[in-house]
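Enquirer: Taking the working numbering as reference, the numbering of the sequence shown is continuous, increasing by one, and the terminal residue is 102.
Possibly wrong hints are sitting among the right ones.
Below 16 angstroms or equal to it, Euclidean Cα-Cα: the simulated EDC-like pairs (lysine to aspartate or glutamate) are [as the list claims (entries may be wrong)]:
no., residue 1, residue 2
1, 97, 29
2, 34, 90
3, 51, 74
Across the chosen pairs, the derived CB separations fall in these ranges [to be verified]:
no., residue 1, residue 2, range
4, 101, 62, 42 to 52 angstroms
5, 3, 63, 49 to 59 angstroms
6, 97, 9, 24 to 34 angstroms
The set of hints was computed from the structure by calculation and includes no laboratory data. Because the structure is a prediction, the values reported are computed rather than measured. Yeah, the Cβ is synthetic: ideal placement off N, Cα and C, and Gly gets one too.
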Amino acid sequence: MTTETLADRKTKEDAVKVTIMQKLIETGEKERLKELLRQRLLDSGWRDQLKEYCKEVIRSKGLEKITVDELVAEITPRGRATVPDEVKTELLQNIRKFLQAT
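Just need the whole structure built from these sequences, with the hints factored in.
Expert: What follows is the structure, encoded as structure tokens:
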């Protein structure tokens, strides 16, 4: 009886991720999903909310005292945390459908 090590499992998971990403790219599904995500985030007001937060951060730190990298580091956690659950669910359902069809 063989026991799968954590490293073996990680290697297999990485291989599966690479395969899925290749299929998404080859079929054009990745671009379609990105456009869907862009549109849903725009429709939900998420983009405008994050834009306002960026302005707040720039005002509080000063335009001359913050770099683009610092701004990205500051807003990324909030951006990820505030993606509406409905958008996440819809995207996940689309990915599942794609995987079931392939």
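Enquirer: State for each hint whether it applies.
Expert: Right, here's what the structure says about each hint:
1. Distance restraint check for residue 97 and residue 29: the Cα-Cα separation of roughly 11 angstroms lies within the 16 angstroms cut-off, and the hinted pair is therefore satisfied.
2. Of the supplied pair hints, the one linking residue 34 and residue 90 holds, its CA atoms being roughly 12 angstroms apart against a limit of 16 angstroms.
3. For the proposed pair residue 51 and residue 74, the alpha carbon gap of about 12 angstroms is at most 16 angstroms, so the pair holds.
4. Separation of residue 101 from residue 62 is about 51 angstroms and conforms to the stated range, judged on CB atoms against 42 to 52 angstroms.
5. Distance hint check for residue 3 and residue 63: the Cβ-Cβ separation is about 57 angstroms, which falls inside the suggested range of 49 to 59 angstroms.
6. The hinted window of 24 to 34 angstroms between residue 97 and residue 9 holds, with their beta carbons roughly 26 angstroms apart.
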